[in-house]
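> So the protein sequences, as listed, match chains L and P.
Quick note on the working numbering: the first sequence kicks off at 2 and runs consecutively.
Quick note on the working numbering: the second sequence kicks off at 12 and runs consecutively.
Worth flagging that the hints you see were computed from the coordinates, not collected in a lab.
Hints are supplied without guarantee of correctness; some may be wrong.
As the list claims (entries may be wrong) - No more than 20 angstroms apart at the CA atoms, straight line, and that leaves these computed lysine to aspartate or glutamate pairs for DMTMM-like: (1) L:Lys184 / P:Glu146; (2) P:Lys255 / L:Asp39; (3) P:Lys179 / P:Glu331; (4) P:Lys141 / L:Asp176; (5) P:Lys346 / L:Asp176; (6) P:Lys255 / P:Glu217; (7) L:Lys62 / L:Asp39; (8) L:Lys20 / P:Glu123; (9) P:Lys346 / L:Glu151.
Take a look at the letters that make up each chain.
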Amino acid sequence: MEDIFGLLQKDVRFVEGLKACMNCGVCTAICPAAEFYDYDPRKIVDIVQRKDNNELTGLLKSETIWYCGECLSCKTRCPRGNTPGYIIMALRTLSQKLGYFTESEKGRQQLAIKRTVGENIFKYGYCTAAYAVHPELHPEQGPIWEYILENTHDVFERLGGHINGEDGPMRKIPDDALDELKKIFDVTGGTELFEDIEKHSRKKAEELGIQFEDTGIDNDYFIEVYTANNGTHTTHENPDEE
Amino acid sequence: MKQEGKKKIWADYQKEIADDHFFYVRSCIRQSFFPGAEQFFLHMMRNILGKDVYENPSHTTCTGIGYHSDIVPPQTIMTVVARHFALMKEAGYKNIAISCVTSFGIYTEILETWKHFPEELEKTREYLFKATGREFDIPENMAHTSDIIFKFRNEIAARAKNMLINKKTGEPLKVVEHIGCHYAKMFPKSGVGGAEFPRVLSGMAESWGGQVIDYPERRHCCGFGFRQYLVQANRGYSVSNTAKKFASMQPYEPDVVITNCPGCNMFMDRWQYTIKEMEGTTYGVNGESIPVLTYEELAGLVLGYNPWDLGLQYHMVQSEPLLDKLGIEYDITDKFKTKDGRQMPVPENLINA
Chain L
2 MEDIFGLLQK
12 DVRFVEGLKA
22 CMNCGVCTAI
32 CPAAEFYDYD
42 PRKIVDIVQR
52 KDNNELTGLL
62 KSETIWYCGE
72 CLSCKTRCPR
82 GNTPGYIIMA
92 LRTLSQKLGY
102 FTESEKGRQQ
112 LAIKRTVGEN
122 IFKYGYCTAA
132 YAVHPELHPE
142 QGPIWEYILE
152 NTHDVFERLG
162 GHINGEDGPM
172 RKIPDDALDE
182 LKKIFDVTGG
192 TELFEDIEKH
202 SRKKAEELGI
212 QFEDTGIDND
222 YFIEVYTANN
232 GTHTTHENPD
242 EE
Chain P
12 MKQEGKKKIW
22 ADYQKEIADD
32 HFFYVRSCIR
42 QSFFPGAEQF
52 FLHMMRNILG
62 KDVYENPSHT
72 TCTGIGYHSD
82 IVPPQTIMTV
92 VARHFALMKE
102 AGYKNIAISC
112 VTSFGIYTEI
122 LETWKHFPEE
132 LEKTREYLFK
142 ATGREFDIPE
152 NMAHTSDIIF
162 KFRNEIAARA
172 KNMLINKKTG
182 EPLKVVEHIG
192 CHYAKMFPKS
202 GVGGAEFPRV
212 LSGMAESWGG
222 QVIDYPERRH
232 CCGFGFRQYL
242 VQANRGYSVS
252 NTAKKFASMQ
262 PYEPDVVITN
272 CPGCNMFMDR
282 WQYTIKEMEG
292 TTYGVNGESI
302 PVLTYEELAG
312 LVLGYNPWDL
322 GLQYHMVQSE
332 PLLDKLGIEY
342 DITDKFKTKD
352 GRQMPVPENL
362 INA
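Isolated chain P, as found in the complex:
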């Protein structure tokens, strides 16, 4: 095929990601479970890459978990998201940066809905004005925050203090990348590489020296399933799907799992603990479990940030085996200290500790 034809085919898998001036919206799950990840993203963007990222503390949940557990109707979530667009317009921004993959899927679905059903857009404008007196514009550029780190992955690699290389063997670390279903399965054109060839995390891992593992259940859902986790009686669905993924990746001996969805990250961390408790099964080598990191946390390690300021100690699966492979020197006495250096109690029964 001529080069031109190839470019045309692959154009569908490209994504335009803004370069600067972002309006940032947080994730309920990421800020609850991985607050250090969100803060590192902002620190890196503003202080390392020199970008302008604005946040209005008045932005709320997008109500996405409620929408996908069916207690929030479509017109309600459209109007809540429209309020975020209004806050962005009022602050003079046109590029939105979204921390949550559930939110990102929802924002994408809403913009697609407004394209197909313009009357829904008009209804949303009326509802928002009636409820809040606000008016909004549709963003010019919409990116998940993993898209943005993907865009700047080579700038990060150029500043790397720790490449994803096993310092003892010199071999690249084996990385499992897990993409949240709502990143691109619904609207493939909204994600880097689409749903077939998602590149957003593998691009980062490879730029930073790692080797990405391909395994049979690579694209299987983490198992969240919204109501299938939120209600205790249904959690067998959630843990079973996670178990299926981990059993599939286990023979490839991954050193680390990275995710772009905060929910996936939490489940793949916590369900490893649960499965170990339930039946004694672990999925790493030598009876260890596999550390599960957000892409911000991984970028933080690559850039030489203190793992305990990123919050790696607040995962259920502890990251020391990974830190040792990377040759990162860490101060174990600093692990459970407060911001001003006061010693906190040391938690017991963590995994890999």
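Only chain L is shown next, with the shape it has when bound in the complex:
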């Protein structure tokens, strides 16, 4: 069995995030995720500090590590200097490296994030760009967003932006800068993490018999992980009552 605790200790966020938890629960009291999901950051820290590899493997395969929103409100409040949010970040990174993230519905969503935000970084040099926020994926953006996309050039020009211009908001990031960004990902393990997410997602799609394409968002597996919600994640939903 892998030495999960040992692997976690290689992540500086884990070292910084885990001092010694006394189970006071202040992190859970302040946590926006705990209000919405059936989630308790106190329990996560408690499990982690027990250093039990079986329990840690269970966490890496669980839904619960994907509920945190990384607002890091817990960092301000912990009276012992722990940061449950940093522990979560280390757990998520390791879950993806070991391929355990595909064992949970929420974990499988990492492919959707890699195929949207991740691809934006390489293609455009932005995590998000006006032209990459598609109304069909973002109905909450409302009619103003459809309008802006239909009139992008005029809207941005009036406000001082230059879509794919040389400078200002939404300028084209020069090709040599994009090359440098890609090289940084290559030498620092960023590209490898992207490849891990793809590799394990492809394997899970095969296992589940869901159609998978190696690129893009127009395939059944992407749509499944982007939209699936089995209704058992929150404290407000109980399928047994229906």
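Got chain L; can you put chain P on it based on the hints?
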């Protein structure tokens, strides 16, 4: 307590903000959704306050949204940020001005990490050199752009064309200030007033004549939650947390919400539309929704800038109720015109329109 003791306690809540010569880095979200806000900041700094602000168009995303949705590892983001520091060094600047609160939190976290784990700094230097041949220095001063406007808030007040006063009643406008979580909750010393007494936006609002509202969920997250918004299946988390905030502020009848984080600004604008569509709920008075402005947009109104050049018409919640209270005269026919004055189509189904 003696005055000296008080000063010592409050020293932890002070922040040193550079006075001039800034290297500016943009925000993916702010330039996508509020490009007029970034441009007004630069215009105000350069042409109104006479400051030197330099931008290298070759700077990229910091990859922060990817980092906080866990697809970008720590060493990668450290090296991307180090590249920005390298561009700054090459241009001869030492003070960085950061438009995005997610980026600001990341830059702060990285500098703290390098202090606690010097081997990570050395590794980053090696990675950056290997990938790009560049070398970098750590900035002497790091500020979010809201820090900078806070620093110059009184200079702005001295030039104000519109104070935050209801022109009909003479009463101060009621302002909700929302601070992005990553501004100071992670590293309280990095923010003006720390995490307990954030002063960066309330200081601006009060200097410009407004009255800041205190309400129970004042420090609650806007609900972004990174992956909890980015993936459609999770957006209940995001909209629920926004609803909690708005329900908490509603009894105080705010005239405007101001934010320093571009993500918060977008969500608090768009989720008001969504909640209205979903269940007919609105949070302003008389069935209206509450305009949500960036601090740059608010500064622009205070300084008498044309609201349509700031881009207020490109929010989902329209700002006319606020403009009317401020007594700002605006040309409704100019609202949806191009830069050279050509009439564009008029969008339908906006809120407060």
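> Run every hint past the structure and note whether it holds.
Quick rundown of the hints versus the structure:
1. As the CA atoms of L:Lys184 and P:Glu146 are separated by approximately 15 angstroms, the hinted pair is consistent with the 20 angstroms bound.
2. Of the supplied pair hints, the one linking P:Lys255 and L:Asp39 holds, its CA atoms being roughly 17 angstroms apart against a limit of 20 angstroms.
3. As the CA atoms of P:Lys179 and P:Glu331 are separated by approximately 15 angstroms, the hinted pair is consistent with the 20 angstroms bound.
4. Straight-line distance between C-alpha atoms of P:Lys141 and L:Asp176 comes to about 18 angstroms, which keeps the hinted pair within the 20 angstroms bound.
5. Between P:Lys346 and L:Asp176 the alpha-carbon distance is near 36 angstroms, which puts this suggested pair outside the 20 angstroms criterion.
6. Annotation: proposed proximity of P:Lys255 to P:Glu217 is violated, straight-line Cα distance about 25 angstroms (limit 20 angstroms).
7. Restraint check: the Cα-Cα separation between L:Lys62 and L:Asp39 comes to about 16 angstroms, which is no more than 20 angstroms; the hinted pair holds.
8. Between L:Lys20 and P:Glu123, the direct Cα distance comes to roughly 17 angstroms. Compliance with the 20 angstroms bound is thereby established for this hinted pair.
9. With a CA separation close to 17 angstroms, the supplied pair P:Lys346 and L:Glu151 stays within the 20 angstroms bound.
In this structure, the earlier hints numbered 5, 6 are contradicted, and the remaining ones agree with it.
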